[in-house]
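A.B. asks: Chains as they are written, first to last, in my numbering: chain A, 692 to 854; chain B, 692 to 854; chain C, 278 to 361; chain D, 278 to 361.
In short, the hints are calculated from the structure, not lab data.
Watch out, some of these pointers could steer you wrong.
To be verified - Mimicking EDC-like on lysine to aspartate or glutamate, the simulated pairs with C-alpha atoms at most 16 Å apart in a straight line are:
(1) B:K822 with B:E767
(2) B:K822 with D:E289
(3) D:K293 with D:D336
(4) A:K822 with A:E755
(5) C:K293 with A:E748
(6) A:K822 with A:D835
(7) D:K293 with B:D737
(8) A:K822 with A:D737
(9) A:K822 with C:E351
(10) B:K822 with B:D710
(11) D:K293 with D:D319
Treat the numbers as computed from the prediction; the structure is a model and nothing was measured.
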Amino acid sequence: MPAGAAVALTVRIQTQDFDAAAECAALTAGRADIGALVTFTGLCRDEGGTLAALELEHYPGMAEAEITRICRTAIERFGLSGITAVHRIGRIAPGANIVLVIAAAPHRHAAFDGASFVMDFLKTSAPFWKKEHRADGRAGDWVDARESDARARAAWSRQPSGG
Amino acid sequence: MPAGAAVALTVRIQTQDFDAAAECAALTAGRADIGALVTFTGLCRDEGGTLAALELEHYPGMAEAEITRICRTAIERFGLSGITAVHRIGRIAPGANIVLVIAAAPHRHAAFDGASFVMDFLKTSAPFWKKEHRADGRAGDWVDARESDARARAAWSRQPSGG
Amino acid sequence: MTRIVYFAWVRERIGKNEEQIELPAGVRTGSDLLSHLKSLGDEYAYALEHETAIRIAVDQEHVEHDEPLGSAREIALFPPMTGG
Amino acid sequence: MTRIVYFAWVRERIGKNEEQIELPAGVRTGSDLLSHLKSLGDEYAYALEHETAIRIAVDQEHVEHDEPLGSAREIALFPPMTGG
Chain A
692 MPAGAAVALT VRIQTQDFDA AAECAALTAG RADIGALVTF TGLCRDEGGT
742 LAALELEHYP GMAEAEITRI CRTAIERFGL SGITAVHRIG RIAPGANIVL
792 VIAAAPHRHA AFDGASFVMD FLKTSAPFWK KEHRADGRAG DWVDARESDA
842 RARAAWSRQP SGG
Chain B
692 MPAGAAVALT VRIQTQDFDA AAECAALTAG RADIGALVTF TGLCRDEGGT
742 LAALELEHYP GMAEAEITRI CRTAIERFGL SGITAVHRIG RIAPGANIVL
792 VIAAAPHRHA AFDGASFVMD FLKTSAPFWK KEHRADGRAG DWVDARESDA
842 RARAAWSRQP SGG
Chain C
278 MTRIVYFAWV RERIGKNEEQ IELPAGVRTG SDLLSHLKSL GDEYAYALEH
328 ETAIRIAVDQ EHVEHDEPLG SAREIALFPP MTGG
Chain D
278 MTRIVYFAWV RERIGKNEEQ IELPAGVRTG SDLLSHLKSL GDEYAYALEH
328 ETAIRIAVDQ EHVEHDEPLG SAREIALFPP MTGG
């Protein structure tokens, strides 16, 4: 990124759905130095029909702060032009959106690395928790943290900086 | 991906712009087994104001066939739920869209790997060529292939399969 | 008084979202806090049974169990995170 | 007769998009084809001067220079690709 180029950072937590296209348009508006935009959208799976919905709980204040810290680290490490991150909370039905991360950069590898890095750290350190509501009406469990998410995060310490 | 789950593959080459949101909606319509959607959008940079436009030439028939081959390989390798790939041709102004790749999967690493793999192979083996139209009116050059693109492609032969 | 906040199944098992607690002088680290809370009742002992599964944030930043709590205004206890 | 198609600066330097060519019996591989075409005139010699920079596709699939052309209906010559 050329020195002095603007870096755009937007972090939001909201109950309502997001509009990925509008967020992309806002991130790139008026700029012709962005060559690559990588958009990650995380959706609620129905787990083979067993899931009625997910309930997303978060730690207000810290959730925004932690995602912002992660995004700033990614912007610095990969030389990004900007990031937009939006996380939903509340009740989310199968097929619906949960999280959006958009990373913008001059070139594609920085944008891919940036979006992937933000998701790997968001999963393991942003204070959100998912509880399942089961389709059969039985009491649902809190979703367990996945060992594979911890490994994915740790892998970023072992590899040279991308970008 | 569960056995029998549908795999969606769309490949298009067109002069008109694409609508990433509409393509994402089409790819995920009626499905609740997709947990991750990674969308790559490649845009035309203005190269610090020196570029008036890019002219995109392609090899009709082979371009579609080659992108389809790349996408099928990615679907198989990463267990993707589907891919949509759209490449524009003709004159493209700075800030405008050039290429769209959407990879859908149950989990995020497969979707990230799938979209990144398709872009790395598309760059190096799909028959498209870019010519520059310069802002100062002087004759523009054909864009040179980048050594870093060849390295990025080669790296996929050295790493274990993701997904 | 220090504000202690709970989330997810820690919140459910303790049965409250938050409370104000006067921390005894001996409570210097996150581990000390967990031990102290577990002495307050069965619901705390149950919620905090597996100490390594409990994450701690001080004034909205993650800390390890052996880090000093300092002059924390707000301490949060919660399970491993599962957002995204 | 075999259809030969050109793209990007190969097309510009040769000065045509495509042509039908009767390949001599000795032309078995991509390299043989490049040598033959370069004998057809200065514009071919100029366009194909740096042989390693020329990519070859037979019936719309990439081939290496030393692969046999077989009974190709359409052979394409072009520079390294720069799409995406």
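A.B. asks: Against each hint, give a clear statement of whether it holds in the structure.
C.D. replies: Now for the hints, and whether the structure bears them out:
no.: 1; hint: B:K822 with B:E767; result: violated (34 Å)
no.: 2; hint: B:K822 with D:E289; result: holds (12 Å)
no.: 3; hint: D:K293 with D:D336; result: violated (19 Å)
no.: 4; hint: A:K822 with A:E755; result: violated (20 Å)
no.: 5; hint: C:K293 with A:E748; result: holds (15 Å)
no.: 6; hint: A:K822 with A:D835; result: holds (9 Å)
no.: 7; hint: D:K293 with B:D737; result: violated (30 Å)
no.: 8; hint: A:K822 with A:D737; result: holds (13 Å)
no.: 9; hint: A:K822 with C:E351; result: violated (25 Å)
no.: 10; hint: B:K822 with B:D710; result: violated (24 Å)
no.: 11; hint: D:K293 with D:D319; result: holds (14 Å)
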